[in-house]
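Student: The lines below spell out each chain.
There are 2 protein chains.
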Amino acid sequence: MRVIIIGASAAGLKAACRLRRLRSDAKIIVIEKGEYISYAACGLPYYLSGDINTFDDLRKTPYDLIKDPDYFKAVKDVDVRINTEALKINREDKIILCRSSNDGSEFELEYDNLVIAAGASPVIPDIEGITLPGVNTFTRAEEAIELRKGCESRQIGKVAVIGAGYIGIELTEAFLSLWGIDVTLIEAKTTILPEILDCEMGQAVEKMLQSEGVEIHTGSCCESIIKEGDSLTVKIGKENLLNGFDRVIICTGVRPNSALTTESGIMTGEKGGIIVDEYMRTNDENIYAAGDCVEVKHILTDSTVNIPLGSLANRMGRAVGENIAGVKRKFKPVAGSSIIKAFDWNIGCTGLNINKAIESEYKPGEVWGFFEDKAHYYPEPLPIMIKLIFDLETRKVLGVQAVGEGDIIRRIDSLAALILNSAEIDDIIDFEPAYAPPYGGPIDPLHYLAYTAESVIAERTAILHPESIKSFKNDGAVFLDVRSEGEIETNPLPDNITDKYSIPLHELRSRIKELPVGKDYIVLCQKGMRSYEAALVLKESGINNTAFIGGGMLFANIYKD
Amino acid sequence: MRVIIIGASAAGLKAACRLRRLRSDAKIIVIEKGEYISYAACGLPYYLSGDINTFDDLRKTPYDLIKDPDYFKAVKDVDVRINTEALKINREDKIILCRSSNDGSEFELEYDNLVIAAGASPVIPDIEGITLPGVNTFTRAEEAIELRKGCESRQIGKVAVIGAGYIGIELTEAFLSLWGIDVTLIEAKTTILPEILDCEMGQAVEKMLQSEGVEIHTGSCCESIIKEGDSLTVKIGKENLLNGFDRVIICTGVRPNSALTTESGIMTGEKGGIIVDEYMRTNDENIYAAGDCVEVKHILTDSTVNIPLGSLANRMGRAVGENIAGVKRKFKPVAGSSIIKAFDWNIGCTGLNINKAIESEYKPGEVWGFFEDKAHYYPEPLPIMIKLIFDLETRKVLGVQAVGEGDIIRRIDSLAALILNSAEIDDIIDFEPAYAPPYGGPIDPLHYLAYTAESVIAERTAILHPESIKSFKNDGAVFLDVRSEGEIETNPLPDNITDKYSIPLHELRSRIKELPVGKDYIVLCQKGMRSYEAALVLKESGINNTAFIGGGMLFANIYKD
Numbered sequence: 108m109r110v111i112i113i114g115a116s117a118a119g120l121k122a123a124c125r126l127r128r129l130r131s132d133a134k135i136i137v138i139e140k141g142e143y144i145s146y147a148a149c150g151l152p153y154y155l156s157g158d159i160n161t162f163d164d165l166r167k168t169p170y171d172l173i174k175d176p177d178y179f180k181a182v183k184d185v186d187v188r189i190n191t192e193a194l195k196i197n198r199e200d201k202i203i204l205c206r207s208s209n210d211g212s213e214f215e216l217e218y219d220n221l222v223i224a225a226g227a228s229p230v231i232p233d234i235e236g237i238t239l240p241g242v243n244t245f246t247r248a249e250e251a252i253e254l255r256k257g258c259e260s261r262q263i264g265k266v267a268v269i270g271a272g273y274i275g276i277e278l279t280e281a282f283l284s285l286w287g288i289d290v291t292l293i294e295a296k297t298t299i300l301p302e303i304l305d306c307e308m309g310q311a312v313e314k315m316l317q318s319e320g321v322e323i324h325t326g327s328c329c330e331s332i333i334k335e336g337d338s339l340t341v342k343i344g345k346e347n348l349l350n351g352f353d354r355v356i357i358c359t360g361v362r363p364n365s366a367l368t369t370e371s372g373i374m375t376g377e378k379g380g381i382i383v384d385e386y387m388r389t390n391d392e393n394i395y396a397a398g399d400c401v402e403v404k405h406i407l408t409d410s411t412v413n414i415p416l417g418s419l420a421n422r423m424g425r426a427v428g429e430n431i432a433g434v435k436r437k438f439k440p441v442a443g444s445s446i447i448k449a450f451d452w453n454i455g456c457t458g459l460n461i462n463k464a465i466e467s468e469y470k471p472g473e474v475w476g477f478f479e480d481k482a483h484y485y486p487e488p489l490p491i492m493i494k495l496i497f498d499l500e501t502r503k504v505l506g507v508q509a510v511g512e513g514d515i516i517r518r519i520d521s522l523a524a525l526i527l528n529s530a531e532i533d534d535i536i537d538f539e540p541a542y543a544p545p546y547g548g549p550i551d552p553l554h555y556l557a558y559t560a561e562s563v564i565a566e567r568t569a570i571l572h573p574e575s576i577k578s579f580k581n582d583g584a585v586f587l588d589v590r591s592e593g594e595i596e597t598n599p600l601p602d603n604i605t606d607k608y609s610i611p612l613h614e615l616r617s618r619i620k621e622l623p624v625g626k627d628y629i630v631l632c633q634k635g636m637r638s639y640e641a642a643l644v645l646k647e648s649g650i651n652n653t654a655f656i657g658g659g660m661l662f663a664n665i666y667k668d
Numbered sequence: 108m109r110v111i112i113i114g115a116s117a118a119g120l121k122a123a124c125r126l127r128r129l130r131s132d133a134k135i136i137v138i139e140k141g142e143y144i145s146y147a148a149c150g151l152p153y154y155l156s157g158d159i160n161t162f163d164d165l166r167k168t169p170y171d172l173i174k175d176p177d178y179f180k181a182v183k184d185v186d187v188r189i190n191t192e193a194l195k196i197n198r199e200d201k202i203i204l205c206r207s208s209n210d211g212s213e214f215e216l217e218y219d220n221l222v223i224a225a226g227a228s229p230v231i232p233d234i235e236g237i238t239l240p241g242v243n244t245f246t247r248a249e250e251a252i253e254l255r256k257g258c259e260s261r262q263i264g265k266v267a268v269i270g271a272g273y274i275g276i277e278l279t280e281a282f283l284s285l286w287g288i289d290v291t292l293i294e295a296k297t298t299i300l301p302e303i304l305d306c307e308m309g310q311a312v313e314k315m316l317q318s319e320g321v322e323i324h325t326g327s328c329c330e331s332i333i334k335e336g337d338s339l340t341v342k343i344g345k346e347n348l349l350n351g352f353d354r355v356i357i358c359t360g361v362r363p364n365s366a367l368t369t370e371s372g373i374m375t376g377e378k379g380g381i382i383v384d385e386y387m388r389t390n391d392e393n394i395y396a397a398g399d400c401v402e403v404k405h406i407l408t409d410s411t412v413n414i415p416l417g418s419l420a421n422r423m424g425r426a427v428g429e430n431i432a433g434v435k436r437k438f439k440p441v442a443g444s445s446i447i448k449a450f451d452w453n454i455g456c457t458g459l460n461i462n463k464a465i466e467s468e469y470k471p472g473e474v475w476g477f478f479e480d481k482a483h484y485y486p487e488p489l490p491i492m493i494k495l496i497f498d499l500e501t502r503k504v505l506g507v508q509a510v511g512e513g514d515i516i517r518r519i520d521s522l523a524a525l526i527l528n529s530a531e532i533d534d535i536i537d538f539e540p541a542y543a544p545p546y547g548g549p550i551d552p553l554h555y556l557a558y559t560a561e562s563v564i565a566e567r568t569a570i571l572h573p574e575s576i577k578s579f580k581n582d583g584a585v586f587l588d589v590r591s592e593g594e595i596e597t598n599p600l601p602d603n604i605t606d607k608y609s610i611p612l613h614e615l616r617s618r619i620k621e622l623p624v625g626k627d628y629i630v631l632c633q634k635g636m637r638s639y640e641a642a643l644v645l646k647e648s649g650i651n652n653t654a655f656i657g658g659g660m661l662f663a664n665i666y667k668d
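Chains L and E supply the protein sequences, listed in that same order.
Each residue of the first sequence is one higher than the last, beginning at 108 in my numbering.
Each residue of the second sequence is one higher than the last, beginning at 108 in my numbering.
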């Protein structure tokens, strides 16, 4: 058995190693266009920031061995050939035409099975000035090494980051936190992390980044980059000029590397990724694909997704290795879990966001909550703001988004496990997380959100976006604040809310007669729990149309200014 | 509708509040024997330690209101009567005979539905000296308040804690960490947290506690307590006398309060808890039960379990409230998730431990791993030691236990979600946790463990307990250390391993001829991953009988001395 693998990064090498474990007789060759193999690309921002000392740290095993071709030969009996580009796939004869970048020579390799793990490349916008010196992408080792040098030598004082996705935000922190470099973050869409977070959650992240000193321009398309003297100017929108940048980093996403495959008739999908079946096989039965260059099924939609993430690449590669070895291993649909650390915040999600839920023809409902990640009496609790998305008709859990300093990943992972098992709201209610006061209250945030979702589904009350407080107008509805005096003093309502009632929840039952009858009500408290309860108390007393502000004043605070 | 609830703690009050939300017309009376209601009993150890300032902090809402009967009347329209004991249930006439401890008067209450949420009481061993002054249990507010005073006034210098369950360990930390009180922890079973952790995991916790300065006696039954002058002496075993204690705290577990119910013909189970159906209804259709006094189904066994935990009590109470209101709400079987923080360690589990798995007639396999909770190149990773238990025949996931400073709860919760969905090993392989370097490597510890479990099931290699290194003897098997020289130097093998081969993994393929043929092999590395791989490399070269030491030298280190 002769297996050729194109691409010596996570997916390709994992396929190679897994196959070797199962088939000692296979001849396995991995070809790689570049010089560096098997380095932790996800770690590049932390190398840039200085959290990681040398680039080699990113390509070492935990046991301090550099993962170069010699390592793979010795440990895995896998033949990795660097500086070797695949030029053409001849599917009929099962031959790949390759070129060595060492001497420019071309040669052929035969295969019984081929694995395409060619990764993804940065999307480079077609704008004026994109090729100027100082304008870089940030996906390759060489770029990171060069930028780190610029930081260390203090040649970089001000940077524009174009694109507020994961990489853009990680770079923003890297430049600012350790090196003290001024960062201007420019995003064409209207909010931060637009592919992942809904508008109001992205806005929360935006406010946090601003408080850390990042200059942010959202809804701002970069039109051109101009060289002015020693520095670069970025033109956003029609006439807004931002100037004085030493570097402009393009972080406008990546696109699957699939040119080679489409030329040879391998089918690709809407997102440009290679289409594979559940065994990671392409439309050619001898050719598999894995990693950033493929599209996989999403558990909640009929469509496929391209998720360039090292964790998925590893798991896909492993499945490919098993399938080539003859073990039937399905790669199951994904939920799209992701997480990012930015300054002191954790930002995570899994499942669909609201736009994707609507696109997929769900009828999504949304609930929000403001929580703390320890029992309320336990010292030093950290805040978490969570949003749960579910289908109003089927009660299916569609997604969760969480941001804040508190323990986010725990909730993302649990929800991912539930979503991968086609959970409904009731499965969250039955979920049994571990509990002790240092880790949370006896009722988990996910439980609260599920309870709220149930009430929304049953139309016991309605819930409003936390940022709706900004634009609140008394269109005939009564605004009721059920917080205590002290709470109101510390976190006053924004000025736009002039006409309001204020009755603390614990006095609401006895003072309910003070409230006007025959009106709709919008209730607010500190975190959302009491106003939810107040809405239900109002309902008991015959007021049918109530809504409360999800996450309360502490969540809404983010949007106040 | 008239509903009486016995017990004003988590389950009872939750049932009351949930019922109120759904049925504004119900008359709801909660009777409580004691004076304090609705306080966070799980928080008592943190009140003792001083982490929480005043006892009132444990019975306040997050909004600073004391949860007393007035609070429940005002906010929830629930009538809570403290100092009121239920003496007798007359099921025929649906009447409860009560007694007020204020004036000793007796009176009757009628019900349409009754909820028993009477909680649990400490198990008090029947030994000499158990009633001596200074010998306390630790489940009631009054006890915690009195002990805290003793700590603050420095009247307590040395304490014996009898029972190394959750409470015993939390108290141990509370006494030692803030107050600097000497603690001797005495456990009748052979290891720490014996109901929850398997022997080797309990031993790991034991070693940690010892390193914090706790004196520990396991396998030591407390035979009697003797007053000698101003201090107490504890006799363990036949003649071992431990002396000089100012206090002896009995933490030998709790037992469901079900005397009242058994007298009235309500059925209880093997563990002494009230038996309920999936709607939390007892064998009397008008009587429900919830909280620490009931037994519920376990998802992995045919038997029931009694789990006295605030989180479950809340969820059970809520289900009862819904069912009485006429919403059909099942309380699903539990997985038994739990977590405890002890000094810098997190200690958690879900599912069955090995003994319970065997009792339940599974054929359990076990795998171990030593991991870090960040990508290996990311700064300040914290260790996690995890054990996964699964069924060798059905591949069903049976349980997980994890200990260490790293992020434990995330794994416990994910596994709980999977176990509650009847997961097999393959569901862990398909699990999609969120990934970024600050949170872990691209291959999650749970994935590694699932891969190892697969290899064990397929008999590609075998895995040995990490502590097996202590007792290793070269009974014809070759011991192979595949670590690097530097690693061996920092963490040398214990002295009992004299006859061994040492070849770093990356040289194993080229030097395999140095190894004797026709032998069985036991392989060791630093964390378990390389030795697992080495075992598979040996297999490739024709050596069929291999085993590796789970979790490697870093896990085994714990047991060295």
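Hints listed in this document are in silico derivations from the structure and should not be mistaken for laboratory results.
One or more of the hints may lead you astray.
Since copy identity is lost for identical chains, a pair holds within one copy or between any two.
Claimed, not checked - Once the Cα atoms are required to be at most 30 Å apart in a straight line, the calculated BS3-like pairs of lysine-lysine come out as:
(1) Lys626 / Lys195
(2) Lys140 / Lys345
(3) Lys404 / Lys195
(4) Lys646 / Lys167
(5) Lys481 / Lys437
(6) Lys481 / Lys439
(7) Lys448 / Lys626
(8) Lys626 / Lys435
(9) Lys646 / Lys470
(10) Lys503 / Lys404
(11) Lys626 / Lys646
(12) Lys435 / Lys470
(13) Lys437 / Lys626
(14) Lys620 / Lys437
(15) Lys296 / Lys437
(16) Lys167 / Lys607
This structure is a prediction, so every number in the text was calculated from the model and none was measured.
Student: A separate judgement is required for each hint: does it hold in the structure or not?
Tutor: How the hints compare with the structure:
1. Lys626 / Lys195: Cα proximity of Lys626 and Lys195: none, with 71 Å in one copy and 48 Å across.
2. Lys140 / Lys345: neither (40 Å within a copy, 74 Å between copies)
3. Lys404 / Lys195: Within. Shortest intra-copy distance 28 Å satisfies the 30 Å Cα cut-off; inter-copy 60 Å does not.
4. Lys646 / Lys167: between (62 Å within a copy, 26 Å between copies)
5. Lys481 / Lys437: Between copies, since 28 Å is at most 30 Å while 39 Å is not.
6. Lys481 / Lys439: So Lys481 and Lys439 pass the 30 Å test across copies only (25 Å; inside, 34 Å).
7. Lys448 / Lys626: neither (44 Å within a copy, 49 Å between copies)
8. Lys626 / Lys435: neither (62 Å within a copy, 32 Å between copies)
9. Lys646 / Lys470: Answer is within: at 25 Å inside a copy they meet the 30 Å cutoff, but 54 Å across does not.
10. Lys503 / Lys404: Answer is both; intra-copy 18 Å and inter-copy 25 Å each pass.
11. Lys626 / Lys646: within (12 Å within a copy, 77 Å between copies)
12. Lys435 / Lys470: between (36 Å within a copy, 25 Å between copies)
13. Lys437 / Lys626: neither (56 Å within a copy, 37 Å between copies)
14. Lys620 / Lys437: This pair counts as neither: shortest intra-copy Cα distance 62 Å, inter-copy 37 Å.
15. Lys296 / Lys437: Neither way: Lys296 and Lys437 sit 36 Å apart in one copy and 45 Å across, limit 30 Å.
16. Lys167 / Lys607: between (62 Å within a copy, 27 Å between copies)
Checked against the numbered hints listed earlier, the structure breaks hints 1, 2, 7, 8, 13, 14 and 15; every other hint is satisfied.
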